[in-house]
Amino acid sequence: AFVPHTPRILSLTPDFSTSTLNLKWSDNGSVFAYGLDAFWQIQILRKEAMEKVTQVTYYSKLTHEDIILSWNWTSDMPLECTSHYVKIRCYINVTQFIGPKDWSDWSPVAEVPGKDTEPNGSGVFPQDTVVAVGSDVTICCVHEEGQQIQRMTYGPEIYPMIHLSRRSSAIRVLNASASDTSGTNVVCILSEDEMDGTVLFVGYAPDIPQDLSCETSNFLIIKCTWKPGRPSGLYGTRRTKYSLFERISGKNVSCEVNEMNRERVCGFPVLTDQKTYDFILGVSNPIGQTQSSLLVNLTQRVHPKTPEKLTVSGNSSTSVHLRWFINGSFAEIRLLCQIEISSGHSERKLHNVSMAGRKFSTYTAQLNTLHPYTKYQFRVRCSAADHFWRWSDWSRIEEHTTLEA
Amino acid sequence: MAAADSPSAAFQRRDLCSRGIRLAGKMRSDVIDLLDTYVERQGLDASASVAAAVEGVPVAAAERWDEQTGTQRLLENLAAYRAFRALLAQMLEEQREQLGEADAALGRALAAVLLQVSAFSYHLEELLRLESHGPPSEERAASPPPPHLGLFERKLRGLGVLRELAQWAVRSARDLRQLAKSGPSSSSAPSPPESP
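Each protein sequence line maps, in turn, to chains A and B. Start counting the first sequence at 1; every next residue gets the next number (this note's numbering). Start counting the second sequence at 1; every next residue gets the next number (this note's numbering).
Since the hints were made in silico from the structure, they are not lab data. Computed from a predicted structure; not experimentally measured. Worth double-checking, as some hints may not be accurate.
Straight-line Cα separation of at most 16 Å, EDC-like style, residue types lysine to aspartate or glutamate; simulated pairs [stated by the list, open to error]:
hint	chain 1	residue 1	chain 2	residue 2
1	A	K241	B	E101
2	A	K101	A	D37
3	A	K241	B	E97
Make the full structure from the sequences, and use the hints.
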């Protein structure tokens with residue numbers, strides 16, 4: 001029968017942060033004709049007893065050159081918990097060979113030693129990690145030689161232990177539920193009252209931000225707000241973080257957000273000579289990321305600040321002169337301001353006036369056809385004249401009595 | 001050698017001691033409340049053994065307590081509360097880093113106890129100044145850099161700090177009571193432990 005050479009493992013590299021093994025081997029293709037089919041059986045073993053965990057078949061095509069093949073495998077338990085082993089064998093479909101063909105021998109095992117083989121390797125793993133609600137999580141306790149684990153608890157519950165080696169045992173938490181703000185403690189109680197532990201943070205990936213809206217009140221800062229959707233249940237250094245990216249200018253701003261507020265706010269500078277803003281609100285936390293986008297023409301999203309320093313003057317029996325200040329730079333738009341006039345028991349009247357916007361300026365208006373010797377209350381609010389978006393709040397009320405006729 | 005006790009110095013010491021005893025009593029009850037909140041919020045077992053996690057935390061139990069002079073008591077107390085001030089400040093910083101705004105109540109309670117510990121340290125410095133010794137400069141008392149701990153060990157360490165601080169509040173009240181009775185440089189016959 002045709003039996004290929006035993007494959008040679010070049011490297012077996014662990015990534016402890018993702019519990020992933022990366023296997024690299026040479027396909028030894030130079031000794032075969034171009035285009036032959038090659039099958040690679042890869043076996044993962046684990047624990048002191050080297051129990052088989054899984055076996056997969058990987059397919060490749062030979063190219064008459066020696067190609068380095070690479071394959072990743074993510075373990076369902078932290079690689080620190082116990083030693084992991086990998087071996088590989090191959091089957092080459094040599095079409096020119098008409099006799100029986102067989103698998104090669106298994107390669108020697110490549111090993112990634114667990115912490116349970118290191119002298120000072122004790123600890124509970126994974127250390128202080130974040131997982132999604134609903135995950136199945138394996139947590140192990142690596143201890144010193146001669147120590148005994150009395151019990152392992154996840155939160156308030158004692159869990160059955162899975163023996164991995166003389167110095168390592170694990171528990172398996174299925175469908176993990178959201179943890180408290182300070183995380184869920186996983187405690188390994190050892191003999192002589194010693195204990196070790198870790199904290200597991202079980203939360204949600206960020207929700208797509210809802211009701212993303214951006215406006216400016218002064219043409220200096222654009223204020224974007226949104227609703228965060230479902231809370232992630234992750235706080236502090238693991239909290240959900242937001243950043244505002246503007247595609248046209250390429251500018252990116254990270255947002256300082258208080259995770260306890262229902263509504264979220266982020267400020268972005270108004271850029272010179274740029275009216276249209278193509279925003280992408282990026283959202284991420286250790287479990288996942290998402291985004292929302294919004295295209296706005298800033299002149300159509302003006303929400304002026306409350307008019308200040310309203311003064312009413314006049315030495316006439318039927319007219320008054322109003323002055324007010326608006327904090328902001330409105331030179332690029334026309335303003336529409338509404339003056340509310342009320343007196344005694346008569347019905348309130350609204351008087352609209354529009355004017356060219358200016359930079360940090362005082363605005364004026366004249367009201368005529370008032371009644372003589374009458375006490376009036378005035379207040380004012382403003383908005384963009386051409387593309388109404390939102391009124392400012394009303395100014396404070398100012399009183400004035402017209403002169404006698 | 002401490003100056004002979006003038007009547008006004010003796011009165012001032014007794015006054016400072018009695019105010020210190022009240023401060024220690026208040027601090028102890030607040031620390032006990034904080035301990036309950038801390039255990040609950042950190043998901044800990046109140047009876048958890050913290051021995052391995054409390055390196056660098058001043059121990060309240062004192063050998064030959066009754067042989068100590070008043071000055072020794074004050075100096076040991078001051079060193080302890082300066083260390084607790086650093087430990088609590090570190091706990092507060094870690095609490096803010098880990099939980100942000102999510103547990104502001106625990107943060108406020110921690111900050112309140114930290115304030116009391118600072119006030120008590122200042123009080124001890126006053127007592128030491130009274131004996132023309134003057135408190136040791138702060139740098140010598142600086143606490144060692146915090147060991148790198150996992151989050152669970154930090155939780156245990158915090159538990160250990162608060163437990164030991166509650167013990168220190170009891171001891172401080174006894175020390176001050178002793179000082180009020182016998183003056184700064186004499187040691188004293190043992191007296192039955194009393195709660196502050």
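Structure-inconsistent hints, enumerated in ascending order
Structure breaks no hint.
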